[in-house]
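**Student:** Here is what each chain is made of, one letter per residue.
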Amino acid sequence: MNLAEKISPVNDTSAVETPAVSVKGISKVYPGGVQALDNMTLDFPKGELISLLGPSGCGKTTLLKIIAGLIPATSGEVLVNDKPVTRPGNDRAFVFQDFALMPWATVMRNTAFGLELRGMDKSEREAIAEKYIKDVGLSGFEHSYPHELSGGMRQRVGLARALSMDADVLLMDEPFSAVDEQTRRKFQEDLIRLVEVEKKTFIFVTHSIEEAVYVSDKIALLLPRPSRVSEIIRPDICRELGPDAMRRDSAYLDTVEQIWSSLRSYVE
Amino acid sequence: MAQFIVHPRTLKILSFILVFSAWEYAGRIPVSPAFPTFLETMAALWDLIMDGSMLKAYPETLKPLALGVIISTIFGIGSGIWMGLSRKAEWFGAPIFIVMQSAPLAALIPLLVMAYGIGLTAKILVVCIMAMPVIVLNTFNAVRNTPHSLTEMGRAFQGSQFDIIMKIIVPSASPLIFAGLRLGVSAGFIGAILAELLITPTGIGDLISYNQSIAEYGKMYAAIFSIIVLSVIFLELLEKAEHSLFRPDKRESL
Ligand SMILES: Nc1ncnc2c1ncn2[C@@H]1O[C@H](COP(=O)(O)OP(=O)(O)OP(=O)(O)O)[C@@H](O)[C@H]1O
Ligand SMILES: [Mg+2]
Chain F
1 MNLAEKISPV
11 NDTSAVETPA
21 VSVKGISKVY
31 PGGVQALDNM
41 TLDFPKGELI
51 SLLGPSGCGK
61 TTLLKIIAGL
71 IPATSGEVLV
81 NDKPVTRPGN
91 DRAFVFQDFA
101 LMPWATVMRN
111 TAFGLELRGM
121 DKSEREAIAE
131 KYIKDVGLSG
141 FEHSYPHELS
151 GGMRQRVGLA
161 RALSMDADVL
171 LMDEPFSAVD
181 EQTRRKFQED
191 LIRLVEVEKK
201 TFIFVTHSIE
211 EAVYVSDKIA
221 LLLPRPSRVS
231 EIIRPDICRE
241 LGPDAMRRDS
251 AYLDTVEQIW
261 SSLRSYVE
Chain V
1 MAQFIVHPRT
11 LKILSFILVF
21 SAWEYAGRIP
31 VSPAFPTFLE
41 TMAALWDLIM
51 DGSMLKAYPE
61 TLKPLALGVI
71 ISTIFGIGSG
81 IWMGLSRKAE
91 WFGAPIFIVM
101 QSAPLAALIP
111 LLVMAYGIGL
121 TAKILVVCIM
131 AMPVIVLNTF
141 NAVRNTPHSL
151 TEMGRAFQGS
161 QFDIIMKIIV
171 PSASPLIFAG
181 LRLGVSAGFI
191 GAILAELLIT
201 PTGIGDLISY
211 NQSIAEYGKM
221 YAAIFSIIVL
231 SVIFLELLEK
241 AEHSLFRPDK
251 RESL
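Those sequence lines, one after another, are chains F and V.
For the first sequence, this note's numbering begins at 1 and goes up steadily by one.
For the second sequence, this note's numbering begins at 1 and goes up steadily by one.
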């Protein structure tokens, strides 16, 4: 029996409310024979931020793309708001690990591109994009092209594009990997605030244990070969302490340590 | 000052001056009695313009050239995109254009004349045979190599197939498509002149062969020079069109 199933009854909210995203027995074998996911089962309750944490190549991007409806699963099914996923939809927005910006389009057009594809007219979509460009701290760069931006700035364009879609579920594939430490901390605060304010569900891929513990309601620890959910951790931390005190809090440090020991046993 | 020297336009003008001086020098040695100097050629060009023979020749040459280039562009880009998107179309189309690209044109011309006569059709076909393959093959390669992450992004945001082609695949492929167009168009210019030299002497081809036959080498080279200038101007315009239509990012980076 899968560990995830053992743990799920402990999960108080999902027992009452249907989860925003429910992954049921998903396996993925890529053409060529790489088994990226093996019978994975995992629930993502509404309004929570769940991190997927795990070593490189354990299938995090693959899982996110299957939830997004970009690639088909070999077996199993994904439900979003109780409806099976067959293709991308308005209820999900994706932040790509490699940004996926169009080099020939300005920051403004890139940010508004999701809305453009939706058929929204120019002034309306640019007003929305403007707001999110400001939110991610890129005001003044609306008319720059991606090659004129740093890696971290490009990543923020990808973030603004996804946020402007106003989707229920945000699928974020290492959205902060290319930003500097200061910006990263600011974004982590913003993210926590966003989760509290908006009733959105965030599925957040990260490599950083500290980041996962800091921002998540729940952390799904993934291990490779075959990829499975090895553990689900609810960081028992008190965010009221404020960011700096919290990072010295013993509960925080213990959780980081606990995750590290699980991962280390795999690495060794 | 240093900026002025390395500015692309300065460099371009400099290289023109260099080529023309070398030409003038070679004409004065002289390399061959049939090789006029640059200044003689320019004088002959002036004569040809003033006596109206250029004005008479160009419409005749431009007709098959323009038609051939337009057909090659529309049909070439269209089938290139189609082949890039569909394996079946590639399987069907690629061999045709690869054969067409390597076919010896001089050997094909008698066949074309036999089938289509010596009129406009045969000349248009010569232009197309010269221009189309490189346009098709470049377009095909560019479309096939569209970054996967961009088309995936288009799908993630629920773009229609048409939007993904027009807003992602075509702009992403446009640098290579235009590179193909530039090569194709210059080949088309060559094709148009070849057709006039090998099928029936008309237009610029007639100016070239007639002046050669009466040993007016200055005029002969002036006719050749004029067609080269025209093709260079056209290629410049093409580049401008590319940057303003699809790739504003390239224009700004200059
Ligand atoms: N398109 C593909 N074709 C074949 N194999 C693939 C493909 N994409 C991913 N894989 C394989 O699937 C496995 C999981 O890849 P995935 O990209 O999901 O990992 P990841 O957890 O996101 O890694 P990272 O943290 O480095 O981004 C890897 O072994 C990879 O080689
Ligand atoms: Mg990944």
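Calculated from the structure, these hints are not laboratory results.
Keep in mind that the hints are not guaranteed to be accurate.
Restricting the straight-line Cα-Cα distance to at most 27 Å, the calculated cross-link-like pairs of lysine-lysine (DSSO-like) are [claimed, not checked]:
no. : chain 1 : residue 1 : chain 2 : residue 2
1   : V       : K250      : F       : K134
2   : V       : K12       : F       : K122
3   : F       : K122      : V       : K88
Partner residues are not named here, just some residues of chain F that face chain V (Cβ under 10 Å, in silico) [stated by the list, open to error]:
no. : residue
4   : K83
5   : P84
6   : R87
7   : K134
8   : Y145
9   : W260
C-beta atoms are modelled at their ideal positions from N, C-alpha and C, and glycine is treated no differently.
**Student:** Confirm or reject each hint.
**Tutor:** Consistency of the hints with the structure:
no. : hint              : in the structure
1   : V:K250 <-> F:K134 : 26 Å, holds
2   : V:K12 <-> F:K122  : 40 Å, violated
3   : F:K122 <-> V:K88  : 37 Å, violated
4   : K83               : 15 Å, violated
5   : P84               : 17 Å, violated
6   : R87               : 8 Å, holds
7   : K134              : 21 Å, violated
8   : Y145              : 4 Å, holds
9   : W260              : 32 Å, violated
Hint compliance for this structure: hints 2, 3, 4, 5, 7, 9 are broken, all remaining hints hold.
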